[in-house]
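J.: Heads up: the protein sequence lines correspond to chains E and H, in order.
Each residue of the first sequence is one higher than the one before, starting from 621 at the first, in the working numbering.
Each residue of the second sequence is one higher than the one before, starting from 35 at the first, in the working numbering.
Hints should not be assumed to be uniformly reliable.
[Claimed, not checked] Not everything, but these chain H residues come out facing chain E in the computed CB check (under 7 angstroms):
1. 44
2. 57
3. 64
4. 158
5. 162
6. 164
7. 165
It is worth saying that the hints were derived from the structure and are not from the lab.
Backbone N, C-alpha and C define an ideal beta-carbon position, used for all residues, glycine too.
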Amino acid sequence: MTSMHESCVTEPISMLRLERYRLHELSAREERAVSAHLEQCGACRACLAEVEQDIVLPALPELPNARSQAAVVDLIELRGAARRVRTRRFMAFGAGASGALALAAAALLVLQTSVERQRADGVPLARFGIKGGDVAVELVRKHQGALADDATLFADGDVFKVLVTCPPPLTPHFDVVVYQAGQAYFPLAAGTLDSCGNRQALSGAFTLDGAGDVIVCVALDAQRVPSRTELGQGPDALPDLSVCTRVRSTSR
Amino acid sequence: MEAYRRYGPALLRKAKRMLHNPTDAEDVVQGLFVDLLQGGGAAGPDSAQLELGYLYRAVTHRCLNVLRDARNQRRLLEQREAPALPARTTCEQRAIDLDLLLKLSAQLDALSFEMLVYRFIDDMTQDEIAELTGYSRKTVGKRLDDARQTVLRLAEQPVGGEA
Numbered sequence: 621m622t623s624m625h626e627s628c629v630t631e632p633i634s635m636l637r638l639e640r641y642r643l644h645e646l647s648a649r650e651e652r653a654v655s656a657h658l659e660q661c662g663a664c665r666a667c668l669a670e671v672e673q674d675i676v677l678p679a680l681p682e683l684p685n686a687r688s689q690a691a692v693v694d695l696i697e698l699r700g701a702a703r704r705v706r707t708r709r710f711m712a713f714g715a716g717a718s719g720a721l722a723l724a725a726a727a728l729l730v731l732q733t734s735v736e737r738q739r740a741d742g743v744p745l746a747r748f749g750i751k752g753g754d755v756a757v758e759l760v761r762k763h764q765g766a767l768a769d770d771a772t773l774f775a776d777g778d779v780f781k782v783l784v785t786c787p788p789p790l791t792p793h794f795d796v797v798v799y800q801a802g803q804a805y806f807p808l809a810a811g812t813l814d815s816c817g818n819r820q821a822l823s824g825a826f827t828l829d830g831a832g833d834v835i836v837c838v839a840l841d842a843q844r845v846p847s848r849t850e851l852g853q854g855p856d857a858l859p860d861l862s863v864c865t866r867v868r869s870t871s872r
Numbered sequence: 035m036e037a038y039r040r041y042g043p044a045l046l047r048k049a050k051r052m053l054h055n056p057t058d059a060e061d062v063v064q065g066l067f068v069d070l071l072q073g074g075g076a077a078g079p080d081s082a083q084l085e086l087g088y089l090y091r092a093v094t095h096r097c098l099n100v101l102r103d104a105r106n107q108r109r110l111l112e113q114r115e116a117p118a119l120p121a122r123t124t125c126e127q128r129a130i131d132l133d134l135l136l137k138l139s140a141q142l143d144a145l146s147f148e149m150l151v152y153r154f155i156d157d158m159t160q161d162e163i164a165e166l167t168g169y170s171r172k173t174v175g176k177r178l179d180d181a182r183q184t185v186l187r188l189a190e191q192p193v194g195g196e197a
C-alpha cells in the first residue's frame, strides 16, 4: 500500500472506474486509458491492488423455504401477473400502505402465545415475552382479509404486524428477525422506537409462508441498531432485551 | 445471486470507505440485496438493471442514511477503523475523514452530500458524477462548489478545487 501522502500523478482513477476495470466492464478505449494511467501512477496502482484483493462476502440470507434464487427468477419471468403474490415473500409494506393493516393496528387484536408453548427451536426461554412483563412482542394476524385472533398460527400469505411492549423511557433500536428452518430473515426495515410503551406498532408488515414453525423475534438494543450479520448467526446472538414469539404453519 | 457475487465485494469496499466500520458496511450491502430479492420485479436480483453504477448509488444512499442518523454517529466514531485505501489527492484536495463526513451530514442537503462523497471519497470527476447521477455537469459543479464551501467552513482547511 502506498503512503497516505502519495498523490496521483494527474486525476485519480475513481474507485468505481477501478472496480469496473477489475471486472472488465469498461470499453476497450476506457480500459486502455486506465492501463496507461496505471503504468505511470503508483498511487492508483496501490488502489487497484487493494481492489483486487480477495474479500469474503457474508452469506446472503435466503428467502423463506430455502427458495432458490433461480426459482424466484423463474417465477418473475414466467408467472407474470401472479408474481406479486408468488414472489414477494416477506414483502415489507411501507408505513400506512395498507388500510387494513392500519385498522389491524388500531384494533389491536393482539395475541400472545404462552411461555409453555414457546420452548425449543434454539431460542432461549427468556426471549419469549410474558404478558404483563416489561418487554413483550405480540403479533396481529390478517387471514383471508379478516383479522384473526390466533397469532400462534399462520397460513401462506397471512399478513402480520408486530407490536412491541417495552418500558419507558427507553428508546431502543430494533430489528425484526424471523427464524425458520435454521435460516434468518429480516422482513422489516430496522429502526429506532420513538418511545417505549404498551403495544408499540412497528412500521410495516410482512407475510409468512412455508410448512415449518417460525420464530419471530424483535431484537432490541439500547446502544445500536442490531447487526444483521450477528442476528443471522442464530437466536443466541439476540441482544439482551430481545423478545420472541412462535407461530406454527397450518399447512403441515 | 449472481449480482451479489459479482458486485458485492466492490459494494462492500465502497460502504467501508464511507462508514469506516465493516459490520455496518456488511449490513448495508446485505440489506440492499435482501430488499432487491424480496422486491422482485424490475429491480429484482438478476435484473439487467443491476449494473454496478446502479448498485453503487444505492449503497451510497444507504450509507448516507446511516451517517445522517445521529443515533449511529457516536458508535461509528468509537468503532471506526483506519481507511484501507490511501488518499490519492493533492494537498489541496483533502480527503474527507469520518469526523468531517458526520459534520457534513447535518449541513448539506442529500444531493450535495451524495455528490461530495463521489468527488472526495470515490475520487470521481465531475463528468463521472454527472453520468452516474443523471444530473448535468453544471449542476454537479454548482453542488460541489456549495459543498466545498461548507467543507471549508467546517474544516477550516484548504479543500480541493476541481481538477
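J.: Is the interface hint satisfied for residue 165(H)? The criterion is a beta-carbon contact with chain E at less than 7 angstroms.
T.: Violated - the Cβ of residue 165(H) stays beyond 7 angstroms from chain E, reaching only about 10 angstroms at its closest.
J.: Go through the hint on residue 164(H) and say holds or violated, using the shortest Cβ distance to chain E against 7 angstroms.
T.: Hint on residue 164(H): violated, closest Cβ of chain E at ~13 angstroms, above 7 angstroms.
J.: Could you check if residue 57(H) really has its C-beta closer than 7 angstroms to a C-beta on chain E?
T.: Hint on residue 57(H): holds, closest Cβ of chain E at ~5 angstroms, below 7 angstroms.
J.: Go through the hint on residue 158(H) and say holds or violated, using the shortest Cβ distance to chain E against 7 angstroms.
T.: It holds, given that the least Cβ distance between residue 158(H) and chain E is near 4 angstroms, below 7 angstroms.
J.: Grab the minimum C-beta distance from residue 64(H) to chain E and call the hint holds if it beats 7 angstroms, violated otherwise.
T.: This hint holds: residue 64(H) lies near chain E, its Cβ roughly 6 angstroms from the closest one there, short of 7 angstroms.
J.: Next item in the hint list is residue 44(H). Is there a CB on chain E closer than 7 angstroms to its CB?
T.: OK, holds: residue 44(H) within 7 angstroms of chain E, min 4 angstroms.
J.: Interface hint check: residue 162(H), Cβ to nearest Cβ on chain E, cutoff 7 angstroms. Holds or violated?
T.: At 6 angstroms from the nearest chain E Cβ, residue 162(H) passes the 7 angstroms test, so the hint holds.
Violated hints, listed in ascending order, are 6 and 7; each of the other numbered hints is respected by the structure.
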